[in-house]
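*Asks:* Just so you know, the protein sequences line up as chains R and A, in that order. Under the numbering used here, read the first sequence as residues 1 to 267, first letter to last. Under the numbering used here, read the second sequence as residues 268 to 534, first letter to last.
FYI, nobody ran anything at the bench for these hints, they're computed from the structure. The structure presented is a predicted model; accordingly, all values stated were derived computationally and were not measured. Incorrect hints may appear among the rest.
Said to hold, decoys possible - The calculated lysine-lysine pairs, modelled on BS3-like cross-linking and capped at a C-alpha distance of 25 Å, are:
1) Lys472(A) to Lys304(A)
2) Lys244(R) to Lys430(A)
3) Lys430(A) to Lys163(R)
4) Lys163(R) to Lys511(A)
5) Lys511(A) to Lys37(R)
6) Lys163(R) to Lys37(R)
7) Lys511(A) to Lys472(A)
8) Lys244(R) to Lys205(R)
9) Lys304(A) to Lys244(R)
As the list claims (entries may be wrong) - Away from chain A, derived, C-beta distances all over 12 Å, residues of chain R:
10) Leu6
11) Arg13
12) Ala115
13) Gly146
14) Ser201
15) Ala203
16) Ala264
The beta carbon of each residue, even a glycine, is placed where N, CA and C say it ideally should be.
Protein chains: 2
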Amino acid sequence: MRLIELTSSDDPRIDAYRVIKERDLVGRGGRFVVEGKTVLDVALSPRNRFPLESLLLAESRIEGLGGLLEGAPEDLPVYTASQAILDGITGFHIHRGLLGIGLRGEMPGAEQLIAGLPAEALVVVPLGITNHDNVGGIMRNAAAFGADAALFDFASCDPLYRKAIRVSVGGSLIVPFAREGSAEALLDLLVANGFELIALSPAGKTPITALPRPRRAAVLLGAEGPGLPPHILARAHTVRIPMKGDFDSLNVATTSGIVLHSLADAR
Amino acid sequence: MRLIELTSSDDPRIDAYRVIKERDLVGRGGRFVVEGKTVLDVALSPRNRFPLESLLLAESRIEGLGGLLEGAPEDLPVYTASQAILDGITGFHIHRGLLGIGLRGEMPGAEQLIAGLPAEALVVVPLGITNHDNVGGIMRNAAAFGADAALFDFASCDPLYRKAIRVSVGGSLIVPFAREGSAEALLDLLVANGFELIALSPAGKTPITALPRPRRAAVLLGAEGPGLPPHILARAHTVRIPMKGDFDSLNVATTSGIVLHSLADAR
Chain R
1 MRLIELTSSD DPRIDAYRVI KERDLVGRGG RFVVEGKTVL DVALSPRNRF PLESLLLAES
61 RIEGLGGLLE GAPEDLPVYT ASQAILDGIT GFHIHRGLLG IGLRGEMPGA EQLIAGLPAE
121 ALVVVPLGIT NHDNVGGIMR NAAAFGADAA LFDFASCDPL YRKAIRVSVG GSLIVPFARE
181 GSAEALLDLL VANGFELIAL SPAGKTPITA LPRPRRAAVL LGAEGPGLPP HILARAHTVR
241 IPMKGDFDSL NVATTSGIVL HSLADAR
Chain A
268 MRLIELTSSD DPRIDAYRVI KERDLVGRGG RFVVEGKTVL DVALSPRNRF PLESLLLAES
328 RIEGLGGLLE GAPEDLPVYT ASQAILDGIT GFHIHRGLLG IGLRGEMPGA EQLIAGLPAE
388 ALVVVPLGIT NHDNVGGIMR NAAAFGADAA LFDFASCDPL YRKAIRVSVG GSLIVPFARE
448 GSAEALLDLL VANGFELIAL SPAGKTPITA LPRPRRAAVL LGAEGPGLPP HILARAHTVR
508 IPMKGDFDSL NVATTSGIVL HSLADAR
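Could you put together the complete structure from these sequences and hints?
*Replies:* Structure below.
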């Protein structure tokens, strides 16, 4: 780890931090942004699947970091700056004062990811989930309950979007994921690899606690409101979370937590 | 229902809508704000425990409301306005275009609320939860799984804060709740009324799925990060949600969903 003190917001070495806002919007490209102590803690641990390019820390925060930086690779540039310089770099107030840039590198596609899974596997399959909080919440639960992978269709948003990583509390860095293609193509791939498709739906056939865990389980989650479309439900074993009759409404991240907990418990 | 077309942002009849932003911040007073179609749907149903004072709708949204307004009381004033007038009233862009003012009225305190509960009861007890999303998420889950009441300590934020109602998808209007006093005082009250205290904690003694449901169960939830303090845990039956060893982190609203689902299922 090399501590490098910045004396100007215009230093070209930290150009990657200038486009944080755009990176939020496009949610793609070779780099992503990590922020905050809890996420940095995961990012600097062996659980993080992605290399870090650099860190950028507010001087005032360094003392409170404790052993956080001890896990940092020797050659990782760690830039430090006053809060004013930091805000000047990003163009808005970074109140957490702790940022890092990660590198996606070559990410495996869905097919490659599935090929590497163990014989007994649990994957979560968010389809058409465009809300960053929900994508982050699903990745947090996937990490908490040890899902082997997450497979997003391309209509879903990127788990490496800044807010999704933050809400995932680093889960996006831990759980292997792919995001590509249509829901149909993902389901074809899963079925061809021996996965049982389990679709969550308020009108599902089996209550979740009565579902025996298949050796290879793929949990399909749709967006709140529309839910999973009929042609997807028709291909899957539909499962419901029993609720009180007149309020049939669960957040999709909470749903993922209940289902992953239930299936992890049944293992 | 009386449709009243507004022609100016200065109309004194809709003064209650001018202070929406402050109402967000203070989160108290005799009125609260409901917004969006899904929440208005709950607010206009018999499940809503609070009277409505008025509605304020963007003209452009009225056609798409379908039968939503059919449940409105005959004497409820429903103001309509152009989006420009609407934004002029609230001082910021109301992109949902659907607002209402609710009245708290005389809310029962915790003691009165508990006195009215059935012999078999499930209550959720959020302690020191200051995040509006989490309070809203807990109220949504409490409604979904039919919790009989929610008891917040005063350190927690108000379930009738605008964002909390929105995130609760109207659950805040359905589930009877009180918010008062210290955690200790609430626990005294619950114990005196025959409730078993169940405290969620990563180091809890019993896995949640092994917990038999007590006739009267009070589920204690602490803030993410600090969790419940040791003197609260010491008074309760501690329960854990088993997770993968190295990522011991669940959102508190998700936690409430898993626990309420598990206890509702055990009934």
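*Asks:* None of the hints should be skipped; say for each whether it holds.
*Replies:* Do the hints match the structure? See the list:
no.: 1; hint: Lys472(A) to Lys304(A); in the structure: violated (43 Å)
no.: 2; hint: Lys244(R) to Lys430(A); in the structure: holds (23 Å)
no.: 3; hint: Lys430(A) to Lys163(R); in the structure: holds (18 Å)
no.: 4; hint: Lys163(R) to Lys511(A); in the structure: holds (23 Å)
no.: 5; hint: Lys511(A) to Lys37(R); in the structure: holds (21 Å)
no.: 6; hint: Lys163(R) to Lys37(R); in the structure: holds (14 Å)
no.: 7; hint: Lys511(A) to Lys472(A); in the structure: holds (16 Å)
no.: 8; hint: Lys244(R) to Lys205(R); in the structure: holds (16 Å)
no.: 9; hint: Lys304(A) to Lys244(R); in the structure: holds (21 Å)
no.: 10; hint: Leu6; in the structure: holds (30 Å)
no.: 11; hint: Arg13; in the structure: holds (33 Å)
no.: 12; hint: Ala115; in the structure: holds (23 Å)
no.: 13; hint: Gly146; in the structure: violated (4 Å)
no.: 14; hint: Ser201; in the structure: holds (15 Å)
no.: 15; hint: Ala203; in the structure: holds (15 Å)
no.: 16; hint: Ala264; in the structure: violated (7 Å)
Figure legend: structure checked against the earlier numbered hints; hints not met, in rising order: 1, 13 and 16.
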